[in-house]
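Chemist: Chains C and L, in that order, give the protein sequences. Here the first sequence is numbered in UniProt numbering, starting from 1 and rising by one per residue. Here the second sequence is numbered in UniProt numbering, starting from 1 and rising by one per residue.
Accuracy of the hints is not assured; some may be wrong.
Stated by the list, open to error - Distance ranges between label pairs, derived from CB positions:
#1 C:Gln59 <-> L:His153: 52 to 58 angstroms
#2 C:Pro245 <-> L:Ala64: 54 to 60 angstroms
#3 C:Thr107 <-> L:Gln35: 43 to 49 angstroms
#4 C:Cys257 <-> L:Glu278: 20 to 26 angstroms
#5 C:Thr107 <-> L:Pro107: 35 to 41 angstroms
#6 L:Glu20 <-> C:Pro344: 43 to 49 angstroms
#7 C:Pro245 <-> L:Gln227: 34 to 40 angstroms
#8 L:Lys152 <-> C:Asp308: 51 to 57 angstroms
Stated by the list, open to error - Quick look at which bits of chain C chain L covers, simulated, 3 or more residues with Cβ under 8 angstroms:
#9 5-17
#10 130-143
#11 162-171
#12 176-189
#13 304-313
#14 349-356
Simulated from the structure, these hints should not be mistaken for lab results. Yeah, the Cβ is synthetic: ideal placement off N, Cα and C, and Gly gets one too.
One-letter residues, chain by chain:
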Amino acid sequence: MPTADYLPRHSLSHLFDLLQQHGYRLVGPQVIDGAILYRPLTAVDQLPSGTEQVQQPGQYRLIQTDSSRRFSWANGPQALKPLTFTPRETLWRSQLHEDGSLSFHETPEPATPTAVIGVRGCDLAALALQDQHFADDPYYRQQRDALLLIAVDCSHPADTCFCASTGDGPDAKAGHDLALTELDDGFLIRAGSERGKNLMTALPLTAASHASHQQAETQYRRASQQQRQLPTFDPAQLIHLGGHPAWDAVADACLSCGNCTSVCPSCFCFSESEVPELDGTASSHQRQWDSCFSEGHSYIHGHRFRPDTKGRYRQWLTHKFGSWVEQYGRSGCTGCGRCISWCPVGIDPLQVLAQLGDEPPTSN
Amino acid sequence: MTHPALPTEALILNRIQETEDIFTLQLRLTDPAQQWRLGIQPGQFNMLYRFGVGEIPISFMAIAQDEQGQSVLAHTIRALGRVSQALAALLPGDRIGLRGPFGNGWPLQQAEGMDLCVVTGGLGCAPAVSIIEHAFANRALYGHIHIIQGVKHSADLLWRSRYEFWAQQPETTVLMAADVAAPGWPWYSGRVTELIKRLPLNPEHTLVCCCGPEPMMQASAEQLIRQHVPADAIWLSMERNMQCASGHCGHCQFGADFICRDGPVMPYPRLRDRLGLEGV
């Protein structure tokens, strides 16, 4: 019996219906404010249609075409990270009682089962990195365990993308429940988990034609030929190249704005802060995304270890591409290219890495 | 869902002004179910929380018993930032929150049967006092105890009477240094590394606990190695911004290490190639 692995374009709504019948809230890509954003949706026609992109250093533009494709773009500024690592959340609350005593309470908020449609390979790989880092973080785990992931292989990588060279794309490689390959008239579909397999049995699938498989293969080959590639460098040496002139040049350009860390799907830093109630009887202890580019990130009783942009940029790059390997067994970069597109001055970290890689290893 | 480190209430029993800006809080944990937190080891730290203001990491200084035989936890703090200044305003009877203990402390077991050499600088002496007190409380477990304390200015010296008391104990050497010494300073005027040279060390049987500014720790470690102390017998207590204390918030990263979780006490060979690197 031939494998049922093809979902005609007009049947995509069956997948939406099926997921909603299973009680999932749907989150997927939509064109909002001139960008692709992942937001709750209920119907296929909320997805982008014929939308393509131009991404360049410091540039992100959508282009409208008359194609009926829904996923003919690379990515938007965010995808999965805000769903699992909440940008701002309360960790616990404290209460001051009349007798002066204090009590502390958790603030559990049950997570809604959520199916995310249109997840990219780069973002699945970054999610796996966050899974490692937040393995024993109950707030993250609660949101993470509520996710069902429906990937769509990337057919239109941007000029800023380099997932092929990091080994994380352009197709969905691991971590998805279902993965789709969008073709002109429909989708090839494959399961990545038992949950995905079960969902497939309830979809009106047919056997894909030989021509469909060929189209998918050509598309994959083309999407893998990306302009940008990770240069060669020694991750263990990066932290020892502090005196390299490349840092001065990048620090002159960098605004220390933190856009790169906000859009990075693997960046995990957060700060904790206190939000007292106006009546003075209770206070919320919150966390929110932080950035190693912020003034306070390296602050310690009257001293900052990284007082200038040069030190902060160096921390970001040497952590992402160097220390991360030591921490979690691989680089913290999955090639999504967001830090290049969303940098207001168009800094390309691959160029900085290439300059650093040219430096012969220094001895200690 | 249970948060692994929800704070517990602590009652301020006493507040001691040590110097103009350094003070010690003596605390009792009010919840009988939370007394396990008193298992804190020398070199570990707690997150101290002032209601409505926030938390800071403070290393453990000592545990004593009060008249009723209850355990009293002591934390020594310098009032410098927003939270530490709010903690400085507390009075006996006030309540704070406490999470911990966190991190790895001094290698107490590895130190057993060896001479102890405790080298500290400035307020680095607070976490080191915890191991000195531990060693005197378990005196038979350790050989000679060397204590070197350095301060920037002689007026910064904390716990002078304690050092004078230790200096009178058998098998104990106490050496003090001030970079800038006021008239009447009876000890050495200069750097701690000069004092290390004077120590009658038995290098193969000495474990070093070092705490203070990084350049001072680095210079001390290199001097000790020149005096044939094995590098892996030298332990440093590191410090970085810490907000979560569970290795997640990212602020305390020192290269690949999360100081709150992989430290704060770490063996010198693991730190050696990163110490002194600008911005790390």
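Chemist: Does each hint fit the structure? Answer for all of them.
Modeler: Hints, verified against the model:
Checked against the given bound of 52 to 58 angstroms, the beta carbons of glutamine 59 of chain C and histidine 153 of chain L, roughly 55 angstroms apart, stay inside it. At roughly 55 angstroms, the beta-carbon separation of proline 245 of chain C and alanine 64 of chain L lies within the given 54 to 60 angstroms, and the hint holds. Taking the beta carbon of each, threonine 107 of chain C and glutamine 35 of chain L are about 26 angstroms apart, not inside 43 to 49 angstroms as hinted. Cysteine 257 of chain C and glutamate 278 of chain L have their C-beta atoms about 22 angstroms apart, which keeps the hinted 20 to 26 angstroms range intact.
The hinted range of 35 to 41 angstroms is satisfied by threonine 107 of chain C and proline 107 of chain L, whose Cβ atoms lie roughly 38 angstroms apart. Separated by about 45 angstroms at the C-beta atoms, glutamate 20 of chain L and proline 344 of chain C satisfy the suggested range of 43 to 49 angstroms. Separation of proline 245 of chain C from glutamine 227 of chain L is about 39 angstroms and conforms to the stated range, judged on CB atoms against 34 to 40 angstroms. As the Cβ distance of lysine 152 of chain L to aspartate 308 of chain C is approximately 25 angstroms, the hint placing it in 51 to 57 angstroms is violated.
As drawn, the segment 5-17 of chain C meets chain L at 0 residues by the rule of a beta-carbon pair under 8 angstroms; below three, the given contact is violated. Residue count for the segment 130-143 of chain C with a Cβ under 8 angstroms from a Cβ of chain L: 6. That meets the three needed, and the coverage hint holds. Remark: the segment 162-171 of chain C is not confirmed as covered by chain L, as 0 of its residues place a Cβ nearer than 8 angstroms to a Cβ of that chain, below the required three. Coverage of the segment 176-189 of chain C by chain L is violated. Counting CB-CB distances below 8 angstroms, 0 residues qualify, and the rule asks for three or more.
Only residues whose C-beta sits within less than 8 angstroms of a C-beta in chain L count toward coverage, and the segment 304-313 of chain C has 5 of them, enough to reach three; the restraint holds. Given as covered by chain L, the segment 349-356 of chain C fails the check, having 0 residues with a CB less than 8 angstroms from a CB of that chain where 3 are the minimum.
Consistency with the previously given hints fails for numbers 3, 8, 9, 11, 12, 14, ordered from lowest to highest.
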